[in-house]
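Could you build all of it, start to finish, from the sequences and the hints given here?
Residue numbers (my numbering), protein chains in the order written: chain A, 298 to 1065; chain B, 97 to 349.
Just so you know, the hints here were simulated from the structure itself, not pulled from any lab data. Quick caveat, the model's predicted, so the values are computed rather than measured. By construction, the Cβ of each residue, glycine as well, lies at the ideal position given by its N, Cα and C atoms. Careful: at least some of the hints might be erroneous.
In silico lysine to aspartate or glutamate, EDC-like type, Cα no more than 16 Å apart, as pairs [as the list claims (entries may be wrong)]:
no., chain 1, residue 1, chain 2, residue 2
1, A, Lys967, A, Asp937
2, B, Lys256, A, Asp669
3, A, Lys645, B, Asp334
4, B, Lys256, A, Asp670
5, B, Lys268, B, Glu244
6, A, Lys967, A, Asp941
7, A, Lys516, A, Asp618
8, A, Lys854, B, Asp177
9, A, Lys508, A, Asp400
10, A, Lys854, B, Glu172
11, A, Lys645, B, Asp333
12, A, Lys943, A, Asp904
13, A, Lys444, A, Asp406
14, A, Lys444, A, Glu402
15, B, Lys256, A, Glu671
Short, incomplete list of chain B residues facing chain A, as computed with Cβ under 10 Å [as the list claims (entries may be wrong)]:
no., residue
16, Gly207
17, Val320
18, Thr328
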Amino acid sequence: MSAPGETLRTALIPAEDLPSWLPWTAAAIVVLGLVLLVVELGRAREARRGRVAVTALLAAAALLGAVLRPQRLRAREVSLAPRVVVLVDRSRSMALAANDRADGEARIDVAERVARELRGRLGGRVEVLSFGAGTPRPDPLEEAKGKSVLARAGQASSDLRGAIASIAERHDDPPAAVVVVSDGRVEAGELAEHRAPFPIHAVAIGDGSPKDASIRAVKLAGAAVAHQPLPLRIEIACTGGLSCGELTVTVRELREREAGAVGADTSAVLASGTATVRDGSATIELPITLERAGTRAIEVALAAPKDDAIPDDDRRLLSIDVARERVRVLHIAGRPSYDVRALRTWLKSDAAMDVVSFFILRTPGDDVNAPDDELALIPFPVRELFTEYLPTFDAVIIQDFDAEPYGLTPHLPAIARYVEHGGGLVHIGGQNAFSAGGYAGSPLARVTPVQIPKLTGEQQPADTTSFVPVETAAGRGATILQDLHAVIGDELPEFPGANILGDLQRGGVALWVHPKRTTPSGQPMPVLSIGDVGDGRSIALGLDSTHLLAFSPFAAKSNGRGFDALFRGLLGWLMRDPRYEPVRGHLVHADGSSPCLAGAEAALRLDASPIVGPSHLRAAITPLEPPRAQAGEALPDTVDRELDGKPPLIVPLSIAPAGSFALRLAVGEKGASPSLGALATRTLGVCERGGDEWADPRPDRATLEKVARVSGGKVVAPSELASLPTPRAAIVALERSVAPLLPTWAWAALAAIAMSAHWFSRRRSGLA
Amino acid sequence: MLRRHFLGASTAIATSLIGARARAFGDEGAFEPKVLLAGGVTGAARASAPARWSAEVERRTSAAARRSPRAVKASEPTLLDGPFAYWSGTGALAALSSAELAGLRQFLGLGGLLVVDDADPASGAFGRDARRELARVLPDAAPVAIPEDHVLYRTFYLLKPARPSGRVQGAKTADAILRAGSLRVIFLAHDLGGALARNQLGTWEMTVEPGGDEQREQAIRFAVNIALYALTTNYKDDAVHAPFIMKRRATQP
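Here it is, written out as structure tokens:
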């Protein structure tokens, strides 16, 4: 029974045990001998040249036969079509128009059509793969039908070098050729310099240059450090003959909207400038200063001319990780005390902390018995501190401070805004703190994690009964207090009293509560509470004696390290130190790669280290500004998902709109839904519609030609597929048999006889 | 930059009204010149001095202070009820017991501040013996003279001359043991308690020589500065205060 396309082949072949070079060498020697013989016979005068020549030919043939020992081959063979890999570029640049019209056919549509045509043209051994970020994947072209252009061109990069390397590593069935179907906006790397193990052809998708102004690149000159100027180098280009002239570039920081401020623009313009476009390009440097550390969302926007074809590449969204070289803390205290001493000593002991302190040492009622010039006292510069310098501080500590007498009250709105825009606030108790300090009903109360009750009648601002705080379940599990637990265990000292505080505010979390006192709603009264407020964080500590963790018989048991452990955790959490975040997560592409692209499936990627087993993720996603969404694009407001704890921890979301988002992430035990309060991790993420892929929207055939030239391939247009070289078919033998024409000894005997005959013939002809 | 702006700051405190002195919850964070009982000392050499010290701090500054300072034994945990202690005497000291040594070592190790006040500087026995015993507590720390530009002399009052004062004029400098740049033990040979001591009728108990009332006022100011150092450490060393202090020093006679 024969297979379809099967052929029977018979042939004479040399003995198969010979090295491949030997037959050719033997043939060359024989030919050389015959040539010498012709020359010799031409010079000889004697007759019988014909006999010598005949015997010489016979001897040469016999000798060649003895060396080659010919065999008869019979083989049943089939011819296989060559294996060809078609690589379809599914990066986001393929969502752009294939021609210079904004409403032209998308490049990905052309590419898919080309891939289908190639599959039909090249036969059944064509494998269609898509490439983008990561390794190439099988691309069932039919599944793309019905999906949007953005979804089909949904990869954030086009790593052609990686895709080719991945194909070349498959040794079992190497392709005869690779055909890249792309617009040429690819990362080719060394492919443009080193030959691939197979020819790389390309079908260049797209021609023409759209009329477009775009931000080609935003480059940061070094790492971003809080409070320090960071030059942004912004490259702009105008293509397709668009007349640009002077373009305004604006850099804004996008911030989370404070609770209740719907529709308010909370962004802040960091820098703005005008770029003059010459020869189609311009570069502008805009220094920005980011005051808050952590992940910050930055928008760089270009005011493009009217005929701009692609508005989405006029804006870049960046998420910048801002490091903190030093923590700048403003510490104000209403009077000196051992509690003030302990905190100041701790703050000053950290070389990475810049502390500016102001303590009220004298009140007008004090009888100093000395003129002012004999006092080392300075006026409290409240106006300068809270108008000019407030943003330069990472945290403000208000300790037992009466707001009204020292002129702080008019500045409480500024402090509240400072917190909402990313600052940190610690309000520490005492007889002049919270209600007694005039903070009830003030803007500062809005950013305090706990309600500050208004005092009426005979109400006291503090309960001066000694007590030991009770740690809440949140406190026991909080990373903020893990250092304290490690130092002093679960035991807390007895404190001499507490400020009377109300219920938790929205998002507030109580870590310590009073064992007896309750709030108006009947809940245990918070003593230590924390809260997320807008972009910032806030701590309320209704005690004035935490110095007992530094200096007391109780503190002696831990060598006074409890105070350090408590405030290291509190300040660390306030400053978003990753050590005190319960989980780290990023908004990414559905395959887990960065960045997230609008119009494609997005996901949350979590760092595995804090998640060691089955657990439950709860997340909230809040846009920093109204997202630029197309039909079907929306991220969920909240996510509840069980995690198996095995990396990679990628939680699929939905199709993302373009925009910047605040992410709140909390991980709890499996089956439980953790709170998204202040103990949740907060970070920022951005999704761009084009990103780097749209920075230069023009097709790049030159790159494809470089790659093809180095590998021996060819670049054609979609209309020239017929001119693509077709690789030769591969022959596979189904059955094969080999039989020698004569035994080896017979070949040797024939050679000996023929040589002898030739020798006699020469002698008789008078040749030597 | 910040400093320059502070020069023009408004004097908000001068026009504000403050009510009665608010005290800490249970006086826990208030200044308290606890009387150290150790080496055979059974009380303050000038019994009324600690309370007077507290009263002067409360009268002159915004700080709260315990009006009835306690006497605490070096061997008892109550020594750690606040980071300040006052050790005064007039005669020779007995060697500290091991419990007293351990208690003082813990007090100073946690960051406490001890003021040693020799009430009889003429004999100097107490001061000499106190140094001997404290050398046993902190064997690796030798006393050094407190320089006149030390923050101790400007924590509240700008003392001029920048020197210690007490019932007697004594040496121009005081010695101290420092740890990590902070004062841990201050040795006074000026009978500071003698200048502070006042009976219940409001009469000063001791004559201050040779400067009289002016010297007493200087001693009280020095005592207030010590208290403010105990409460705020080197706050007045902060750069923000420097231009004010330099300007005022320059204008003083």
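Of the numbered hints stated earlier in the document, which are not met by this structure? none
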